[in-house]
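Everything in the sequence shown is counted per the numbering used here, starting at 8 for the first residue and increasing by one.
No wet-lab data here; the hints were simulated from the structure. Among these hints, one or two may not hold up.
SDA-like mimics (lysine to any residue), calculated; alpha carbons at most 20 Å apart, straight line [to be verified]:
#	residue 1	residue 2
1	LYS76	GLN101
2	LYS52	LYS137
3	LYS154	GLU173
4	LYS138	GLN101
5	LYS33	PHE113
6	LYS76	LEU126
7	LYS138	LYS52
8	LYS154	TYR171
9	LYS137	PHE68
10	LYS33	SER132
Computed beta-carbon distance windows for the label pairs [to be verified]:
#	residue 1	residue 2	range
11	ASN34	SER92	17 to 25 Å
12	ASP69	THR22	27 to 35 Å
13	GLU64	LYS187	38 to 46 Å
14	ASN71	ALA167	23 to 31 Å
15	PRO133	ALA44	25 to 33 Å
Where is the CB? At the ideal position from N, CA and C, for every residue including glycine.
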Amino acid sequence: MSNSSAVVTAVPMVTAIQGPIFKVPKNDVDTDQIIPARYLTKSDKSGFGPFVMEGLEFEGFDRNSPAFKQAKVLLVGENFGCGSSREHAVWALQAHGIQAIIGTTFARIFYQNSIACGLPIIRVSPEDIKKLFSLDNGAAIHIDLEKKLIQAGDQRIPFALDEYDEALLRDGGLVGFAYKRYVTEPRA
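Make the full structure from the sequences, and use the hints.
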């Protein structure tokens with residue numbers, strides 16, 4: 008019988024995110040559209056990226072477009088991530104290279120899963136998301152998580168993060184948060 012223990016490595020928060028955007032202006036995008044259930048046969052995080060958004064359809068959306076493949080930040084419609092609780096949806100987005108999601112409202116469980124996995128979810132006003140949706144897919148955006156500021160072209164949009172959510176993100180998610188606070192030394 009092995010007496011080995013897993014080594015947990017906390018991933019520090021990325022303080023700034025910069026890269027191209029991709030717009031998903033459709034409301035009520037559910038977790039089955041983000042990662043279809045047929046791909047949920049494993050419990051590790053690897054291998055979901057190629058299937059992200061496979062279940063999503065709306066006019067003008069092409070998941071094989073260079074703009075989608077290169078996106079680092081998603082701009083999304085209301086109630087993004089609704090449907091079943093599916094941590095795999097967050098893993099798929101992260102595996103695809105998505106580093107942050109900006110929208111007005113998110114399904115509660117999706118929001119919590121995202122923050123717990125270290126994926127920043129940024130809530131902005133309807134007026135601000137409208138401004139951001141005026142940008143072209145592939146436009147550059149800069150998100151400063153410490154200053155809580157989004158910059159795109161000449162637009163500067165402040166946002167808020169809950170203190171607890173910010174702490175989770177700072178520690179790379181729930182595992183890093185717990186490790187930092189409750190594990191004083193690695194077990195041998």
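Against the structure, the hints come out as follows:
Taken as a hint, the LYS76 and GLN101 pair is honoured in the structure, with Cα atoms around 12 Å apart against an allowance of 20 Å. At most 20 Å may separate the alpha-carbon atoms for a hinted pair to count; LYS52 and LYS137 exceed this at roughly 33 Å. Between LYS154 and GLU173 the alpha-carbon distance is near 12 Å, which keeps this suggested pair within the 20 Å criterion. With a CA separation close to 25 Å, the supplied pair LYS138 and GLN101 exceeds the 20 Å bound.
A hinted pair counts as satisfied when its Cα atoms are at most 20 Å apart, and LYS33 with PHE113 qualifies at roughly 12 Å. Taking the CA atoms of LYS76 and LEU126, the gap is near 18 Å; set against the 20 Å cutoff, the hint holds. The suggested pairing of LYS138 with LYS52 is violated, with an alpha-carbon distance near 34 Å, which exceeds 20 Å. Straight-line distance between C-alpha atoms of LYS154 and TYR171 comes to about 16 Å, which keeps the hinted pair within the 20 Å bound.
With a CA separation close to 18 Å, the supplied pair LYS137 and PHE68 stays within the 20 Å bound. Between LYS33 and SER132 the alpha-carbon distance is near 16 Å, which keeps this suggested pair within the 20 Å criterion. At roughly 19 Å, the beta carbons of ASN34 and SER92 sit within the given window of 17 to 25 Å. The given range of 27 to 35 Å is respected by ASP69 and THR22, whose C-beta atoms sit roughly 32 Å from each other.
Checking the proposed 38 to 46 Å range against GLU64 and LYS187 shows it holds: the Cβ atoms sit about 41 Å from each other. Judged by the Cβ atoms, the range 23 to 31 Å given for ASN71 and ALA167 is violated: they are separated by roughly 35 Å. In this structure, PRO133 and ALA44 meet the distance hint of 25 to 33 Å, their C-beta atoms being roughly 31 Å apart.
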